[in-house]
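Residue numbers (the working numbering), protein chains in the order written: chain S, 1 to 263; chain G, 264 to 677.
Source of the hints: derived by calculation from the structure; they are not laboratory data.
Keep in mind that a hint or two might mislead.
[Claimed, not checked] Some chain S residues judged to face chain G by a derived CB distance under 8 Å, without partners named:
| no. | residue |
| --- | --- |
| 1 | C87 |
| 2 | L140 |
| 3 | F143 |
| 4 | S144 |
| 5 | G226 |
[As the list claims (entries may be wrong)] Some chain S residues well away from chain G (every beta-carbon gap over 10 Å; in silico):
| no. | residue |
| --- | --- |
| 6 | A37 |
| 7 | T46 |
| 8 | K62 |
| 9 | T146 |
| 10 | E190 |
[Stated by the list, open to error] Simulated coverage check for chain S against chain G, where a stretch passes if three residues somewhere in it have a Cβ under 8 Å from a Cβ of chain G:
| no. | segment |
| --- | --- |
| 11 | 97-111 |
| 12 | 149-163 |
| 13 | 176-187 |
Each residue gets a CB set at the ideal place from its N, CA and C atoms; glycine is no exception.
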Amino acid sequence: MSVQREFHTKWGMVIDLDKCTGCGACMVACQVENNIAPTPDASDMTRVLTWMLVYKLENKQKFPNYDVAYLPRPCMQCENPSCVPVCPVVATTKDEEGGIVSQIYPRCIGCRYCMAACPYHVRYFNWFDPQWPAGMEKTLTPFSSTRPRGVVEKCHFCHHRFMAAKEKARATGGEPMKLAEDAYIPACVEACPTGALIFGNLKDPTHQVAKLSHSKNAKRLLERLGGKPQVYYMSKRQWVLDMLDNDLGDGSHGGVTGGGNHG
Amino acid sequence: MAKAIDQALWPEGVERCSLTKFLLWLVVPALLMLWGLVAAGVVFWYGLGMTGLNNYFAFGLYITFDLAVIALGAGAFFTGLLRYILKIEALVPIVNLTVIVGFFCYSGAMLILTMELGQPLRSWFGFWHPNVHSMLTEVIFCISVYLSVLIIEYIPLVFEQKQLNKVPFLHHLAHNMHVVMPLFAGIGAFLSTFHQGSLGGMYGVMFARPFAYREGFFIWPWTFFLFVLSAVASGPCFTVLICTAIEKISGKRMVEYRVKSLMGKIAGTMLCIYLFFKFLDTWAWIDSILPAAGNSFDQMFNGLVYGKWLMFTELIVCGVIPAIMLVIPSVRKRESMLIIASLLNCVGVSLNRYIITVQALAVPVMPFDSWQVYVPAWTEWAPSFMVLAYGVIVISLSYRYLPVFPQERKLNYK
Chain S
1 MSVQREFHTK WGMVIDLDKC TGCGACMVAC QVENNIAPTP DASDMTRVLT WMLVYKLENK
61 QKFPNYDVAY LPRPCMQCEN PSCVPVCPVV ATTKDEEGGI VSQIYPRCIG CRYCMAACPY
121 HVRYFNWFDP QWPAGMEKTL TPFSSTRPRG VVEKCHFCHH RFMAAKEKAR ATGGEPMKLA
181 EDAYIPACVE ACPTGALIFG NLKDPTHQVA KLSHSKNAKR LLERLGGKPQ VYYMSKRQWV
241 LDMLDNDLGD GSHGGVTGGG NHG
Chain G
264 MAKAIDQALW PEGVERCSLT KFLLWLVVPA LLMLWGLVAA GVVFWYGLGM TGLNNYFAFG
324 LYITFDLAVI ALGAGAFFTG LLRYILKIEA LVPIVNLTVI VGFFCYSGAM LILTMELGQP
384 LRSWFGFWHP NVHSMLTEVI FCISVYLSVL IIEYIPLVFE QKQLNKVPFL HHLAHNMHVV
444 MPLFAGIGAF LSTFHQGSLG GMYGVMFARP FAYREGFFIW PWTFFLFVLS AVASGPCFTV
504 LICTAIEKIS GKRMVEYRVK SLMGKIAGTM LCIYLFFKFL DTWAWIDSIL PAAGNSFDQM
564 FNGLVYGKWL MFTELIVCGV IPAIMLVIPS VRKRESMLII ASLLNCVGVS LNRYIITVQA
624 LAVPVMPFDS WQVYVPAWTE WAPSFMVLAY GVIVISLSYR YLPVFPQERK LNYK
């Protein structure tokens, strides 16, 4: 059996669902930052590429008790990822510096097994050749590669920003493996107008995420499945927290399934 | 009666229809092949976006069809194992056919697999950058090597073609290959067992998909063993069906009925063993895996397309019923019953592959997610029909020109 790997740094995100207004700025920032090509038919929601996707949650009650919450969903960067052990060609793996689940596009054979294994639908396949309308290619950032048709892609916490932050730390005499809280943040976090997205090292007690992730109002998505996401959601509303995991509601069962990696 | 132009190529002492009639017979499969090739061209040229697959249904008809034909082709390795390793001589009259069926099933599956990959030109990466933890790596390894074994098993039969066999080198090569065939039967059984298992294991290890996830033994989830058992339970039945189809179409008997009955008995026994474990597995899944994931049995099904009827059809109509029919000698010995039971058995294993592939992905896992419906596009149907047509062509050519059935002369020409 493979052993779950631990890393000195564990980049993670805490998302305050009570602050999120569902504006979608994070989605747009992500698309621009990571050179995600516009989908020819964006109305087909099962084919679009949205590394960061905002879900709408409703409490299914009638007015005046009706309530709504918005849930931004990046890649969960699971500690025990379901996608990594299944990849036949090691195109995806846990990054050795920060526990980010990486994706090597030139290695990916496009079998989509990782997509089948991930319950969060964070992995996206390039169904067609990416095409940017004339003139729009000027918006491409040189810091992120574009992907060809036939490979799987996903959110990687804007890994290029992590690389840049480490480079800057080295250049300025800092410690690249002990970055300050704001030295490296993904584009979605930077763009969030309400500060609902907070990013940092979950293992560094000086980082805000380390404290917030231990809040009684913090919970991870589908904790029962055993993926151990590095993304935490916060809310003071119980129905919102309840929506983060499947629950039979009778209290007779529960606990994490075996989980685990084959091999 | 005028002699057929290709009579000199027929096996010794048998009759075949005229070449014109034979070529007319091949027209429909050839057109289906063409249709499949057009679809393959469209997918290769424009990408997998031309299929009905999407980000919810990463796997669909291609994989379902692959899994089904590979299970149905399991008659090759299992009959080979029984014939060459366990020395069940009664299977000699049908073992050639099982090899041909296995060959077309596996090579056909490989054809579809090239389309299944988003980057088919990188398919060799499975050997170059293997992830030893991935069940799919095991599948890539075993399926490729096992196809080679099937080719090695098929070659002596080709060399025994009447004209080719006159070449001394080919004659001796075929003879010597026959001598070492138990070795290849053993390798084939080993490889096939593991990749049949790994195909099942692919789904069983997806621990974040409660519909598919299973506990297991050491590194193997129970679906690993269930796939092996269901394949060896259906493979012999598929061979019986093909054999019967050849008999009906040609109007001749190819094997003694007791051979087919024995194949049915073997399949029935394996089906009983499979169902015993399948029911245990289903019970454990309902009682343990699902509640641990916070799900109930009812949540795994939805509407008509993903309704419970699928599972009950698979387990009862296409499982328990054919199992009973096949293990009762008096029922099995009636050809019509054997055919019905074999058909149900083969439909059951195909249905199982569909459910474990498509339904597993359709079930929403996140509490706020919704059911999605997968509709295969023509670009997925056409290659599936292409493989079936390819099978018809391979079997037709083999039957016409190769000595496939050693009993054919005795049973038809006094």
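To see whether the hints hold, each was checked on the structure:
1. C87: With a minimum Cβ separation of about 6 Å from chain G (threshold 8 Å), the hint on C87/S holds.
2. L140: violated, 21 Å
3. F143: Cβ of F143/S sits 24 Å from chain G, so the hint is violated.
4. S144: Violated, because the Cβ-Cβ distance from S144/S to chain G comes to roughly 20 Å (cut-off 8 Å).
5. G226: holds, 6 Å
6. A37: holds, 13 Å
7. T46: Answer for T46/S: violated, closest chain G Cβ roughly 4 Å.
8. K62: The claim holds: K62/S sits with its nearest Cβ about 19 Å from chain G, beyond 10 Å.
9. T146: holds, 15 Å
10. E190: Non-interface label on E190/S holds, nearest chain G Cβ at 26 Å vs cutoff 10 Å.
11. 97-111: Holds: 5 residues of the segment 97-111 of chain S have a Cβ under 8 Å from chain G.
12. 149-163: holds (count 4)
13. 176-187: Since 0 is below three, the answer is violated.
Of the numbered hints given earlier, the model fails hints 2, 3, 4, 7, 13; all others are met.
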